[in-house]
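J.: With the sequences and hints as input, model every part of the structure.
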Amino acid sequence: MSESIRVENLTKCYGSVRAIEDLSFSINHGEVIGFLGPNGAGKSTTMRILCGLMPATSGRAYLGGISIARHPEKVRRRVGFMPENNPLPNEMRVSEYLRFRAELKGLSRGARKTRVGEVMEICNLDKKAKYKMIKTLSKGFRQRVGIADALLAKPDVIIMDEPTIGLDPHQIIGIRRLFNELKGQMTVIISSHILPEVEATCDRAIIINHGSIVALGTPMELCREFISESSYKIVARATSESIRSALNTVSPGISVVDESAPDALGIVTWIIKAPVGCDRTTGHTLIEALSADSSIFLQECSREHSHLEDVFLAATKHSWEENYAVQRRYQKKAQTLES
Amino acid sequence: MLFYSTTTYVVGVFFLLLMGALFLTIVQEFSQIPQNVSLMEPFFQVFWMPVLFIVPLLTMKSIAEERRLCTLETLMTTSVSSWAIVLSKFLSIYFVYMLLWLLTCLFPFILTWVLGAEVTDLRVFDSAVLLGGLSFIAITGLFYIALGLFASSLTRSQLTAGILSFSFLFAVIVGGRFLAEVPFLSGSWAGPIEGSLEYFQTFIHLEDFTRGVLDSRPFFLYVSGTLLALGVTGLIVEAKS
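Residue numbers (this note's numbering), protein chains in the order written: chain G, 1 to 339; chain L, 1 to 241.
No lab work stands behind these hints, which were simulated from the structure alone.
DEER-style ranges, computed between Cβ atoms:
| id | chain 1 | residue 1 | chain 2 | residue 2 | range |
| --- | --- | --- | --- | --- | --- |
| 1 | L | 68 | G | 200 | 32 to 38 Å |
| 2 | L | 216 | G | 70 | 40 to 46 Å |
| 3 | L | 46 | G | 133 | 36 to 42 Å |
| 4 | L | 207 | G | 70 | 51 to 57 Å |
| 5 | G | 16 | L | 227 | 34 to 40 Å |
Predicted, not measured: the structure shown is a model, and the values here were computed from it.
Note that CB positions come from ideal geometry on N, CA and C, so glycine has one too.
T.: Have a look at this one:
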């Protein structure tokens, strides 16, 4: 697979503040990448640099082999960008705005009409919203106009900052389907806080925190790297002691982390965690052990998959704890000075 | 965006109503007291009144509002350069500005038609004064609109941009006359300064143009001022985006 984006030691400073520091990664053509990170991590800064909207302080970035620093205008022709908050001119109609954007992006007169019709159909704007004023559109429709605009010139790379914000579940599924269709044809970079969406859509995720990459890989790779335990859910009518005793026979490393109150039928739900190293702890083994005890009436035993959310929290936890400790120190100092 | 915005049409109606009222007042004065000048001369002499309002109104939104709404950023994501953006905004505002002034040139035609085709009094319809006045409006309009765009590029607030634009225009149009009347500049030592200040006096340029004297010096003054203002605006847009 050919390389679409390559970033080497990218750094951006706003005065004395380092927004991003020594970022290095590469993205292959046709990949869908999730760009994750807490607020202020440096995601938007990185995206703007990749779009050629702002220069980096140091480092190198290439898009389709073209240096972004040397030829930003060439890069902009190859990128479809949808910024956060999706600013749109309120006085224009949807079709007018997309025709205007198509003209700005250099589409010929003949191609403009066809392509505008195509993107409106892809984004479901052709039926209800085509002739509506943009200021009258709901948030979801405005997002769709932004996505349609990003797709207009069939760019090599599409970069979207929070594309699914404000969309209803049907629309989110539609966008997810769209990204799946684009896989292989265009490189897509999505920044989002809706982690299940990223997990369902993206080939790989890049997690950035305090301007540095803290995790990079497929969701499965990241789970293996950051999650040290696997989780199971057991639903049964039994006592806590009998469950713990049965689990102990499988492996002493297994622990019960949550136990619900019994319902009207006396059914209880347990969440257990097993160290990742215990790969022999399969559902089958658990079911066998639980079934062997006649006092346990087992209803369900299923594996709870670690999600990208858990990876995100684990990857950014260390930095969050550091920040929290610094805040607490300052608060104590302020209190001491006051007293 | 200018033609999609209701502000443009409100400004146009306000301008034409104001200029219509001014023209009517001049016609009434001419009908009461005999005059030996064309009525377009006093009409163009009050050009500063609508200009001080319509130029800020037309230009204040152009860059400030786009920056506030971040639509300038989405413009910059295309292959359009910041210079192209500034130039296109300048040309579109100038087009609207000149269109409005050209519409006011229908007033003497309407008056001639109302008074009857037999009236050939040059005081009613003097094409030389009309052309001279329009040339003055066209040349000064370049500079005033460039100043308005410059003011809009300095801030994200439309209101601040409007006030700045008004202040710049006031200083340029009326400031020269005030400076010429400052006491300490009336001494013999101030001769060269006084001469230089006269070069910048807008009303002297207007008099020359309406008398049919097309001097190249004001032309170079306003065109070079326009290029300077547009150049700085382009640099600001590029730097701030």
